[in-house]
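Fit chain V to the known structure of chain F by using the hints.
Line by line, the protein sequences are chains F and V. Residue numbering for the first sequence follows the numbering used here, starting at -18 and increasing by one per position. Residue numbering for the second sequence follows the numbering used here, starting at -18 and increasing by one per position.
Do not take every clue at face value.
What the hints assert, rightly or not - Anything over 10 Å on all C-beta distances counts as not near chain V; from chain F, calculated:
| no. | residue |
| --- | --- |
| 1 | His6 |
| 2 | Phe61 |
| 3 | Leu101 |
| 4 | Thr292 |
| 5 | Val336 |
| 6 | Lys339 |
Stated by the list, open to error - Using 25 Å as the maximum straight-line C-alpha spacing, the simulated BS3-like pairs for lysine-lysine come out as follows:
| no. | chain 1 | residue 1 | chain 2 | residue 2 |
| --- | --- | --- | --- | --- |
| 7 | V | Lys70 | F | Lys91 |
| 8 | F | Lys91 | V | Lys60 |
| 9 | F | Lys18 | V | Lys60 |
| 10 | F | Lys91 | V | Lys64 |
| 11 | V | Lys91 | F | Lys70 |
Unchecked claim - Residues from chain V that face chain F, not an exhaustive set, calculated with beta carbons under 10 Å:
| no. | residue |
| --- | --- |
| 12 | Leu88 |
| 13 | Arg98 |
| 14 | Glu144 |
| 15 | Gly147 |
| 16 | Arg148 |
| 17 | His163 |
| 18 | Trp174 |
| 19 | Thr179 |
| 20 | Arg205 |
| 21 | Thr218 |
| 22 | Glu312 |
If you are wondering where the hints come from, they were derived from the structure by calculation, not from laboratory data. Virtual Cβ for every residue (Gly too), placed ideally from N, Cα, C.
There are 2 protein chains.
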Amino acid sequence: MRILILGADGYLGWPTVMHLTANGHEVMAVDNYLRRKLFNEVGVEPLFEVPRLDKRCAVWERISGCRVPFFIGDLAEWKFVEKIFREFKPDAIVHYAEQPAAPYSMLNRKAATLTLRNNLLVTANVIFAVREFCPDAHIVKLGTMGEYGTPDIDIEEGWLEVEHKGRRHNFLYPRQASSLYHTTKIMDTDLLWFYVRTWGLRVTDLMQGPVYGIFTDESEKDDRLLPFLNYDEIFGTVLNRFAVQAVAGYPLTVFGKGGQTRGYLNIKDTLNCVRLSLEVPADQGELRIFNQFTETFSVNELAEKVKAAGTSRGLKVEIQHVENPRIELEEHYYNPSHTGLIELGLKPHYLTEEVLVKMLEFAVKHKNNIAPDTIYREVRWA
Amino acid sequence: MRILILGADGYLGWPTVMHLTANGHEVMAVDNYLRRKLFNEVGVEPLFEVPRLDKRCAVWERISGCRVPFFIGDLAEWKFVEKIFREFKPDAIVHYAEQPAAPYSMLNRKAATLTLRNNLLVTANVIFAVREFCPDAHIVKLGTMGEYGTPDIDIEEGWLEVEHKGRRHNFLYPRQASSLYHTTKIMDTDLLWFYVRTWGLRVTDLMQGPVYGIFTDESEKDDRLLPFLNYDEIFGTVLNRFAVQAVAGYPLTVFGKGGQTRGYLNIKDTLNCVRLSLEVPADQGELRIFNQFTETFSVNELAEKVKAAGTSRGLKVEIQHVENPRIELEEHYYNPSHTGLIELGLKPHYLTEEVLVKMLEFAVKHKNNIAPDTIYREVRWA
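Next up, chain F with everything else stripped away, as it sits in the complex (with noise of 0.2 Å):
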């Protein structure tokens, strides 16, 4: 299948590349180190150095046989688009060029701007440029379980059948987010499902959780092809950030009660939930949303694994209750189903203490690059 993934230089795109190419698919990279200028712009880096896409690409060449030609640009421009469709006719769209971060969303109006312009921007042009150029192709998108908020009924997958008054109505999943980024994630659903029924298009919508871990078959062949290890408090997922901060001796900054609870999944299984929704794709003028999580845990749940995790590998791990500095609620009733990839066939890798203790490994190796005064950054939403 010829797969164009966008956002190719993320923490998530590269591992796809790699995971996609390996599995026998024909694969075109796209980025605008968007990540990377904004690491820059607000004085952070991540835990070690990743290379660029050129010589990323070159050494995934090299150990295992598969060119990825790339383009570096910005999508939110539609001469640029307009060249990489003509250029690569995809049977699919993996699409994750979008300004990743919450809290980055929430630092200043410039922040919220510039997440807002890219991120609604650059799904517009890639419906039009699958409308233009290859209309059957294939949209798989990153969305998120954010999207959905912490309602006090179960989260359903994507849809809910609403009865009132004596009515039947079938809707998408009314959706509430708690930052500014997740919420142009559900202005992309409404954008796409809009499409989807007026052009039909064919959509997958992945609902995904936060993600952890940084290594998967490809990424473990050589250190240069491993993603993004962000460990700030803007960039770094939070499991990836407590296992750093356990390894700097930085407690584990819990935010408020620290019930704050959320489905999780190893970055294995992204690729493979990724993998999957291409390989059975969305039928023409289907929206197919699924949830993409393996397990849910509370953020207090989250701290006392990587402190067990880390006592026992001889590491002192305090837990710290900090004032919240986001508006969410601490405690929450949170039921959310998952099934459809599960159904596609996903096997999950579950979080286990051995899994834990290979990223706190990994983060010891790592640790004299470690700039504790990077990592909690009280970026504050109201």
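Here is chain V on its own, set in the frame of chain F:
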């Protein structure tokens, strides 16, 4: 009250400027003449020439004694927004500054991108400016009944209490629109709702149905004070368009079966709804939603009403069902609630034969200006 009116040159913006100043409020008017630029782009003209904002303000000052300062500029540009808000610290903002035509948003990629970019970035800038310069100010935003679409259950006023598997949650009413323009209004609501929760803004989102008429207490004082009357398919709302078609001897073009039902209102009621909302503002941290219409009609009913009024004035009016260029249900359940504005004190002006005859007589006066080839453009959704 100091009221900033964004989109003050528009079909509703200008009558609102006059109505609020006539009612003792201090108003600043802002527009970028987007609508006029789009008239030129798509090659249409309103039924009669409408003076620019400078001239209209001058005429209105001579007649009413009310001076209205105005600024011409693009509210998608932060620098301009900042200047406006620094200059005129408003108590309230009426936000009409959006690309308002569903068919325009479906014309082509460029028009769609303009709609998405303009509507979202302006709404975001208004939010950021209120946060920075006047956090207590009340934002009155024009939404649309089109955000709800045509679900098979009753449409409530903004919110829906859902019972699911024995538990309950109160959601923003789930929305699904039938044009890109309407979809941007859904996104606006999501954006406003997020920042209402996060920053405690006070917002009223008026889910307005299609408006008809051009006569208001103020606009009738001088023909140069009348708002745009568009009769083309792109910018003309259906009843205004039908009135002109009847006079032009152009069959009333009903799309498909004509059972499409919407909630309509007289332009006089728009002004009163907006004023009432301003005078009894939403609370801090409240997103207040009103469904702003006074009567529901199907397109068939509207066509029959125009035909009857026209016939009574000696016009020969035909009704023609044409293939529907849009994607929408042509027969559907429609039962939207609309009690909030009535409770605030709205006294509706209903669609009587007298109202229609006055519209027809006005169109007869300007019959020579009608360009029949601009009436039906067949902008196709698919």
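Structure-based check of all given hints:
1. His6: holds (29 Å)
2. Phe61: holds (14 Å)
3. Leu101: Leu101 of chain F not clear of chain V: closest Cβ-Cβ about 6 Å, inside 10 Å.
4. Thr292: At roughly 37 Å from the nearest Cβ of chain V, Thr292 of chain F sits farther out than 10 Å, so the non-interface label holds.
5. Val336: Per Cβ check, Val336 of chain F is outside 10 Å of chain V; nearest 33 Å; holds.
6. Lys339: holds (37 Å)
7. V:Lys70 - F:Lys91: Status holds; Cα separation ~22 Å.
8. F:Lys91 - V:Lys60: holds (12 Å)
9. F:Lys18 - V:Lys60: Judged against 25 Å, a Cα distance of about 24 Å means the pair holds.
10. F:Lys91 - V:Lys64: holds (17 Å)
11. V:Lys91 - F:Lys70: The given pair, whose Cα atoms are some 22 Å apart, holds under the 25 Å limit.
12. Leu88: Violated, about 13 Å.
13. Arg98: holds (7 Å)
14. Glu144: holds (7 Å)
15. Gly147: Cβ of Gly147 of chain V sits 9 Å from chain F, so the hint holds.
16. Arg148: holds (4 Å)
17. His163: holds (9 Å)
18. Trp174: Since chain F brings a Cβ to about 7 Å from Trp174 of chain V, closer than 10 Å, the hint holds.
19. Thr179: holds (5 Å)
20. Arg205: Where the cut-off is 10 Å and the nearest Cβ of chain F is about 38 Å from Arg205 of chain V, the hint is violated.
21. Thr218: violated (21 Å)
22. Glu312: Since chain F brings no Cβ nearer than about 16 Å to Glu312 of chain V, farther than 10 Å, the hint is violated.
Checked against the numbered hints given earlier, this structure breaks hints 3, 12, 20, 21, 22; the rest are met.
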